[in-house]
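Student: Each chain is listed here by its residues.
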Amino acid sequence: MFFVGSFFLFATFLITTCIFVIFSKNPVNSVLFLVLAFLNSTFLFILIGAEFVGIILAIVYIGAVAILFLFVVMMLDIKRTTLMSNIKRYVPVALLFAGIILTEIIYLTIYKSSKSNPSIITRSKNNTEQIGDVLYTKYFIDFQLSGIVLLLAMIGAIVLTHVYRPTIRRQNIDKQNSTTATERVKLVKVNTGQGIEND
Amino acid sequence: MSSLSLEITLGVLKIFSFVVPVLVSVALLVYLERKVLGAIQLRKGPNVVGPFGILQSFADVLKLLTKENLLPSSSNKFLFIFAPMLTLILSLIAWAVIPISSTYVISNLNIGILYLFAVSSFGVYGVIIAGWASNSKYPFLGALRSAAQMISYEVSIGFVIITVLICVGSLNLTDIVESQKNIWFAIPLFPMFIIFIISALAETNRLPFDLPEDEATLVAGFFTEYSSISFGLFFLAEYANMILMSSLTVILFLGGWYPPIDIFPLNVIPGIIWFVLKVFLILFVFLWVRATFPRYRYDQLMRLGWKIFLPLTLVWVVLTSAFLFYFEMLPK
Chain A
1 MFFVGSFFLF
11 ATFLITTCIF
21 VIFSKNPVNS
31 VLFLVLAFLN
41 STFLFILIGA
51 EFVGIILAIV
61 YIGAVAILFL
71 FVVMMLDIKR
81 TTLMSNIKRY
91 VPVALLFAGI
101 ILTEIIYLTI
111 YKSSKSNPSI
121 ITRSKNNTEQ
131 IGDVLYTKYF
141 IDFQLSGIVL
151 LLAMIGAIVL
161 THVYRPTIRR
171 QNIDKQNSTT
181 ATERVKLVKV
191 NTGQGIEND
Chain B
1001 MSSLSLEITL
1011 GVLKIFSFVV
1021 PVLVSVALLV
1031 YLERKVLGAI
1041 QLRKGPNVVG
1051 PFGILQSFAD
1061 VLKLLTKENL
1071 LPSSSNKFLF
1081 IFAPMLTLIL
1091 SLIAWAVIPI
1101 SSTYVISNLN
1111 IGILYLFAVS
1121 SFGVYGVIIA
1131 GWASNSKYPF
1141 LGALRSAAQM
1151 ISYEVSIGFV
1161 IITVLICVGS
1171 LNLTDIVESQ
1181 KNIWFAIPLF
1191 PMFIIFIISA
1201 LAETNRLPFD
1211 LPEDEATLVA
1221 GFFTEYSSIS
1231 FGLFFLAEYA
1241 NMILMSSLTV
1251 ILFLGGWYPP
1261 IDIFPLNVIP
1271 GIIWFVLKVF
1281 LILFVFLWVR
1291 ATFPRYRYDQ
1301 LMRLGWKIFL
1311 PLTLVWVVLT
1321 SAFLFYFEML
1331 PK
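In order, the protein sequences belong to chains A and B.
Numbering of the first sequence is given in this note's numbering, commencing with residue 1 and proceeding in unit increments.
Numbering of the second sequence is given in this note's numbering, commencing with residue 1001 and proceeding in unit increments.
Derived from the structure by calculation, the hints contain no laboratory data.
As the structure is a prediction and not an experimental result, all values here were calculated from the model.
Certain hints may be false.
A partial selection of chain B residues facing chain A, derived with a Cβ cut-off under 8 angstroms [what the hints assert, rightly or not]:
no., residue
1, I1008
2, F1058
3, A1059
4, I1111
5, Y1115
6, F1122
7, I1128
8, L1141
9, L1144
10, A1147
11, I1166
12, C1167
13, L1171
14, T1174
Beta carbons: idealized from backbone N, C-alpha and C, even for Gly.
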């Protein structure tokens, strides 16, 4: 009873916040609702006993990704009208993805749920250990591949955004620290009425 | 009374037995800070309200409570009021998993350390929402700075925690403390201990890393527009976070409730007292650092986080795991 009740509570919140993500007038509010959506999916994971996945989802998506979204969205000067004028262009792609995901959900609910129950996660070991057992052995290749994908994304982002400007004066801290007084300061004997020659 | 309602009552009492001491020690910490700073700068510090001025913080709280709470007319009202609440809530719910002694903990979670890490990484939302909802220049700049700063230092904190976890083999905070019965992790992992303390300073926005509230350039940073008790909540949360990070340092590196050496006069003192003493030691270091070091410049702060701490901690993770693997000391 508690399980089912909490499931429907969090699932309802999840769907409601997702709807608000789409229909919020202010993009910052959208990102904040997205954070709530992530939080509710964390609760759902914890509810089926996958607390490790749930908390990692919270750390990665709420603690890092959504903050960066918020960071970017806050600094952009987005006008609602320009957003709305472009929105029709994305409809076909959005429908395509929605269709794929809907098919997956229908497939899973019809063909899988009858064979296995939601509490498939065994209680004999805690699920951090269970993930650790298979992540670096059975799924080693997948793990490495996802690492490479992330590395590519990182390098791509740097290549796209980094512009080398030779005219910028950069601070070289090692160079600053390694200079001595004799390189910078010179003791000059000044004769009266003559001044110093510039060298 | 049925068993369920009895259980709930006991649970609520247990939660209060954590929250009330934390809030009281926040008040005492503010007093301690002003006294320590006073002593370091050859002043007296607060000495009028109560004996030795010990009731000064309570007087300050009363003053804050009676002030008018201003709402800037151009602010986002809901988020403006919500941000300080969120900050304080996050700094208090983290105490749910902190083990004060071997048995005294609200919830002995299997993934306690991850829970703590998640809650501390949410802390930035309070700051960034406050800065944005104020709809004002200085708070916004403060919020942006703080978001960048907290994310940067979370990365190195994460790697430091991973190093400790490799040595322990469990994510449970009680297990982490118990594996330090013979030797505290501060000794074999000394560089990580130092990095953790420095990152904790940055994570709690304390001097020398208090750029989000840099009064010389940003008035008061993200809480410039806040007044009365909503300012008070930020203030409470900052100090509660300091105590939390100190407790985390004690749990990860200073052997929690264990005495320094397991010999007669030391091991009869109860664990809770050892824990509190160690937390006080770390808090004193926080205050000492505040009185000693000038504030970092923003680019220096980022350089320290990304170019010095990140490579160092990354190498140390590999080094520790290689060492433990080679000598077959990896925990089962």
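Student: Output the numbers, in ascending order, of every earlier hint that fails for this structure.
Tutor: Numbers 1, 2, 3, 8, 11, 12, 14, in rising order.
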